[in-house]
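Asks: So the chains spell out like this:
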Amino acid sequence: MTTRSITIIFLALLLATVFISAPHSSLNAESASTQQLEQITSDSNLSNTNWDDDTEEKSTGKDSALSAVNWDEKEDMEETSPSEKEKGDFSGESWEDEGSENESDAADGLQALNQSDIDKLDSQERQVHIYGFILFIGYILGGILTAFVTRNRKIAVSYPPELLILLHTFWPLELLLIPFGGKPVR
Amino acid sequence: MWEILDLELIASGLRLSTPLILAALGGMFSERAGVVNIALDGIMIFGAFTGAVVAYETANPWYGLLAAMALGGLVAHIHGIASIRYQADQVVSGTAINLLAIGVPAVLSNALYNSTTVTPNIQLMLPIIHIPIISSIPILGTLLGKYSILVFFAFAMVPLSWFVIQKTSFGLRLRAVGENPEAAETAGINVYLMRYYAVWISGLLAGLGGAFLSIAHGSSYVNNISAGRGFIALAALIFGRYTPKLTLVGCMIFGIADAFQIRVQGVIPIPVQFIQMFPYVLTMIVLAGLMGRAHVPAADGIPYAQAK
Chain A
1 MTTRSITIIF LALLLATVFI SAPHSSLNAE SASTQQLEQI TSDSNLSNTN WDDDTEEKST
61 GKDSALSAVN WDEKEDMEET SPSEKEKGDF SGESWEDEGS ENESDAADGL QALNQSDIDK
121 LDSQERQVHI YGFILFIGYI LGGILTAFVT RNRKIAVSYP PELLILLHTF WPLELLLIPF
181 GGKPVR
Chain B
187 MWEILDLELI ASGLRLSTPL ILAALGGMFS ERAGVVNIAL DGIMIFGAFT GAVVAYETAN
247 PWYGLLAAMA LGGLVAHIHG IASIRYQADQ VVSGTAINLL AIGVPAVLSN ALYNSTTVTP
307 NIQLMLPIIH IPIISSIPIL GTLLGKYSIL VFFAFAMVPL SWFVIQKTSF GLRLRAVGEN
367 PEAAETAGIN VYLMRYYAVW ISGLLAGLGG AFLSIAHGSS YVNNISAGRG FIALAALIFG
427 RYTPKLTLVG CMIFGIADAF QIRVQGVIPI PVQFIQMFPY VLTMIVLAGL MGRAHVPAAD
487 GIPYAQAK
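Chains A and B, in that order, are what the protein sequence lines are.
Residue 20 in our numbering sits at position 20 of the first sequence, and the numbers go up by one each step.
If you want our numbering, it's the position in the second sequence, counting the first as 1, plus 186.
For the record, the hints were derived by calculation from the structure and aren't laboratory data.
Check each hint, because a few of them may be wrong.
Said to hold, decoys possible - Facing chain A, according to a computed beta carbon distance under 7 Å, are these residues of chain B, among others: (1) Leu251; (2) Ala256; (3) His263; (4) Ile267; (5) Leu379; (6) Tyr382.
Even for Gly, the Cβ is constructed at its ideal location relative to N, Cα and C.
Can you make the complete structure from the sequences, with help from the hints?
Replies: Following this line, the structure appears as structure tokens:
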């Protein structure tokens, strides 16, 4: 019985590892993942960023949204020409144009999100939190209740404690097993 | 310099003490049942990582919270199996989990997000609760008015833990198993099962404490996010003599010390590294000064062989 329970535990861990390492769809999501990548690169916690990841990406030939653009060349061509740089005269440059482009982009962003949209987002967020809180408390209380209900039933007595703890962690499974092992034994 | 000693310091201290409270209460269940749980720090790291990843992938911090709790419980269960079933040295088993926690999240983070040190920022963090009337009162408002929901949860766990340990039959059996497992077994208590429950509960709470760091206090998992808080929680537990109320006091002291060192950086002419040492030095002083006076459960750390 003990060997069997340990085998089950290891199989569960193996399955969990396979699940975690399997390719998943979120990296293929459109704007959300791009925004996240931008957030990572602009995060103030730059000291925690593993700069070597850039070289890893190049060596493995992976493409990312940011590495596809050659920032330096583009900016140099647009901003300064050698003669103007020598003169120290940047008045002919497109700083204001750049700024106005940014301002108009920001203004467009704000106009796109009017008050009703903000209220809608707030309400969605509130819903997520309310349902999430109910689920969280419900899962904990459900686990406690399930453990209490099954404490003197066959399902709890005949299984070794190692497996019982696993069942309590995923108590909906334990509830499914009650019809098969729900007879009180003590 | 004295302007940093204000109510905001205490409020920050209460916030920073939340993961310590959760981990310390978890450690209390385990230690009272007779199983030393050095792995609190490792479990917090696993909880923080799992919480951040699941919250990001599902865009829901509550799923992340549940996943962090579940994984914390499972990791603690591994420690339980090694310590209880196979009677391994409990300190060694806990240290092994701490070492795993240094490497496994980095490997998984690299596999998922091409970064060994940081996961993407989560879209939605846990909510900040504003208590309606209290938040508008001048002093109380600063101290109590606005915290993440997990902060309130952690403080609510203190009286709940006291009630479970002191006033329920489950708590009585738990304490009996930690003081004299032979007598408990003679009385018909399943010593192994009670110890497994205790270690599992310690993992659930420590996982929750870790999730606070990545879902409520921060918005992503960062390498070494716990910064040794699991060990500080253990020190707070010893300071609190394995009781919930004094453990809370210990955690608040360490939390305020942590908040103090953050605020004082750059204000006083001491190198930042020395200031950052302050909570850990305080931990060592507390451990050296109070360790002998704490009543350790009689069978704590001693593997028990069940009668056949």
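Asks: With reference to the structure, classify each hint as holding or not holding.
Replies: Outcome of the hint check:
1. Nearest Cβ of chain A to the Cβ of Leu251/B: about 6 Å, under the 7 Å cut. The hint holds.
2. At a threshold of 7 Å, the smallest CB-CB gap from Ala256/B to chain A is about 5 Å, leaving the interface hint in force.
3. Checking His263/B against chain A by beta carbon gives a least distance of about 5 Å; that is within 7 Å, so the hint holds.
4. This hint holds: Ile267/B has a C-beta 6 Å from the nearest C-beta of chain A, less than the 7 Å allowed.
5. Interface hint at Leu379/B: satisfied, since its Cβ lies 4 Å from the closest Cβ of chain A, which is below the 7 Å cut-off.
6. The interface hint given for Tyr382/B holds, since its Cβ lies 5 Å from the closest Cβ of chain A, which is under the 7 Å cut-off.
In this structure, none of the earlier numbered hints is contradicted; all agree with it.
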